[in-house]
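> Dock chain V against chain X, hints included.
If you want the building blocks of each chain, they are given just below.
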Amino acid sequence: MTGLPAAVPHRVRGRRVAVDGPLRLAAGGRETAVAVQFLRECVGRGLDAAWTWAADDAGPPYDLRVLRHLPPPAERAGEPGELTAWRTGYVYGALYHRRGPGFVTVLDRRDAGTAARLTLDHPDLLAAFDRLGEPTPLDALDAVHQEAVGLLAAERLALVTDGWAVALPPRIRSWPVPCTGI
Amino acid sequence: MRVQLVTMPWHPIDLPSLQVGLLHRLVRRARPADEVTEFHGSLRWAEFLLERSAGRLRPGDYVSVGSDSIFHGLGDWVFSGALYDDPDWGTARLRDYAAARDVFIDTALDMRPYAADFIAACATEVLATRPDVVGFTTTFMQNVSSLALARELKRRRPELTVVLGGSNCDGPMGHALHRNHRFVDHVVRGEAEYALPALLRHLDEGTPPVDVPGLCWWDGELSRANTETRRTVAPADIPSPDYDDWQAALEASPVLEYVHPKLVVEGARGCWWGEKHHCTFCGLNGSSMAFRAKPGQRLWEEIDRLVRRHRLLDVVTVDNIIDMAYFRDFLPRVVESGWDLRLHYEVKSNLTRDQLRLLGESGTVHIQPGIESLGSRVLDLMDKGVTGARNIRTLRECENHALTCSWNLLYGFPGESAEDYDPVIDQIPALVHLQPPSGAHRIQLERFSPHFTDPGLGFGKRRPAEMYQHVYDLPEDELADLVYLFDSEDAGIAGRAERRLKEAVAQWRAGHPHSRLLFEEDGEDLLVHDRRHGRPHTTHRLTGWAAAALRRLEEGRTESALHRLLADDGHVVSAAELGEWVRHTFRLGLLFRDGPTYVSLPTWDAPVRMPDGAAVAG
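Residue numbers (our numbering), protein chains in the order written: chain X, 665 to 846; chain V, 714 to 1331.
The shape of chain X in the complex, shown without the other chains (with noise of 0.2 Å):
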């Protein structure tokens, strides 16, 4: 047992992870919430996630750098450059959080050559954080969370888009070798 999410079909074989359909990233609202979550998990469990991105599918509503720590599409021919950015540009671990007694810590170095660092140890903040974890309506918050969403929507920490927030950093349950590389 992964523990990986099973809104998204997928099947496992050691560290390999197949995702038997296109994932609609583009899509936005809940079916995109749910593809972050999923790949998000993959990378918390050190797993590798082989996916497609949906061909039909225009740009997406937001901006696709968000997602740069998160496995990135199969490569196929006439992709948009940004699909191609990404693999490129994916590093493992560009940003994870880590749980502490009463705060998170968030790392982030999706912008190459940078590395923020955040504490999330705002009550609110991190009761928005951990409702995140799962795929959330906006609609089904109360104003607080709302507002917590947006900050953390603000710091990329959250994507939000039609209506639908995920949380965007994996907790890293797997440490890579040398855990002291990411």
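Hint data in this document are derived by calculation from the structure and do not stem from the laboratory.
Bear in mind the structure is a predicted one, so any value in this text is a computation, not a measurement.
Careful, some of the hints might be misleading.
Pair by pair, the computed Cβ-Cβ distance ranges are [what the hints assert, rightly or not]:
# : chain 1 : residue 1 : chain 2 : residue 2 : range
1 : X       : D684      : V       : L1301     : 27 to 37 Å
2 : X       : T783      : V       : K1174     : 30 to 40 Å
3 : X       : R837      : V       : E838      : 58 to 68 Å
These stretches of chain X come out as covered by chain V in the derived footprint (C-beta under 8 Å, 3 or more residues) [claimed, not checked]:
# : segment
4 : 758-770
5 : 830-843
All residues carry an ideal CB built from backbone N, CA and C; glycine is no exception.
Just chain V now, with coordinates in the frame of chain X:
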């Protein structure tokens, strides 16, 4: 009394000084009326370089000179010019030394011109707090920067009391530091928990510190060295460190964005293995080998307090060896916390699979198991207490539990021969999927090691390591007391065997990132996917007793023991048939052979691998 505690370059800039943190709390507790402040000169130096070089000399350069050049003394040399009031002091000797050894010195050369101004700026900042006593802690390459600042402080304010302590002051080294540097008032030799408060009492009362064990002090122009005590500090008397000032200094520093700050804790002092069998090359425990550990509950409480206070989840332990009781009363508490800690620990190599699993589960994912060699005879020569087969098992389990394993392959032990290395070197291509050593290094002669204290072990001729010629302006007989590393005649392998070993290790390192050798269960069969560098990619299918045999060999067995185990498990196989299978499987590189013992090499898991230095400071 105002006491300022100082840590100078090249203390690692991502870590607080445990010594400063301990002594800060200790002095405050013992002397509540005193004012205790800290000066993080190491951090200041990284900032100074960044600013004065307009961003050219960065924290990554600090690390390359400060941590990576310990065996060449480059960091000390950077400050020798400031200590001796001569910007060119030692430069010609350093250049000759570097040319003869092909050592890269450009970064150190770049830094040297900033050193004198830095020391002057430090003196101004330290004196601004109007301290009565300035205490320096010195280990590894902190001597020269500390001496340079101490000298400048005493030049500006002669009535100030300067105290040195730390590992570099242990035994005769402390006395030599004292008697050769008149501006150092006192040197605390050995542990400071009892000695420093006793010294401060004498300073208060104006009495000569004749009764402070181990202390060096000036009796007029005569350097006195009190007899060192055999009494060690009890764990209950070792305070929990205070890192508030360090965190404040780091968070205000432009260096912060280049480093990954970590907490430093201490569970134990001394070495329980060394008490029984002192590894022949190791001098790390100095004059106090006696092993003492805090109870696991207390260590956990310290970590709990520090993590909550500083909001940091990376923890480095300074223990030279983990207390085995911690597998019962410390690591399970770490697991229970549910926190995503990342701990670094030095351990002994002969841990069980369950113990290694517990390390991984607790977040103790960076271990230093002191592997040192993969050949049992060489391990015997160093009195390491493990076999080559056992070390291979440890390396394999590190893959299974995603543990980062830092280790060196050491050679040059008196009595070793090429015959001890050839079987290991021949097998290194089969090990390429396991974490390689940082390199193959000839051992150095370290003070306090059995090799040093007993010239009969093979290192009869010795002199202070040549690097000290570009570090200290002192005669050789004084250096012989002051330094930690010595040159001696080479022992053990040389020539072809040495070259073969180094080449094999270099190829191991080069081939490792893309090498895997993985088990997979397929019903009752066992698959082995061989994706190792230098071999055709293939998958072996093992069935029946062969699958059972390869799994049994995970623990390391002789052929006859394996035969008995298989028979006990109900497998029918003749000794001859099994022997043929063992030889065949060995030829496939699926087994490591250590004398009569075979160990299976495939792993059940393979962690994500990162390129070397992926997250090192820029």
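> Compare the structure with each hint and give your call.
Status of the hints after comparison with the structure:
A hinted range of 27 to 37 Å for the beta carbons of X:D684 and V:L1301 is consistent with their spacing of about 35 Å. Checked against the hint of 30 to 40 Å, the pair X:T783 and V:K1174 fails, with Cβ atoms roughly 56 Å apart. X:R837 and V:E838 have their C-beta atoms about 44 Å apart, which leaves the hinted 58 to 68 Å range violated. Using a Cβ-Cβ cut-off of 8 Å, 7 residues of the segment 758-770 of chain X lie near chain V, which meets the minimum of three, so the contact claim holds.
Taking a C-beta to C-beta cut-off of 8 Å, the segment 830-843 of chain X contributes 8 residues in contact with chain V, enough for the three needed, and the coverage statement holds.
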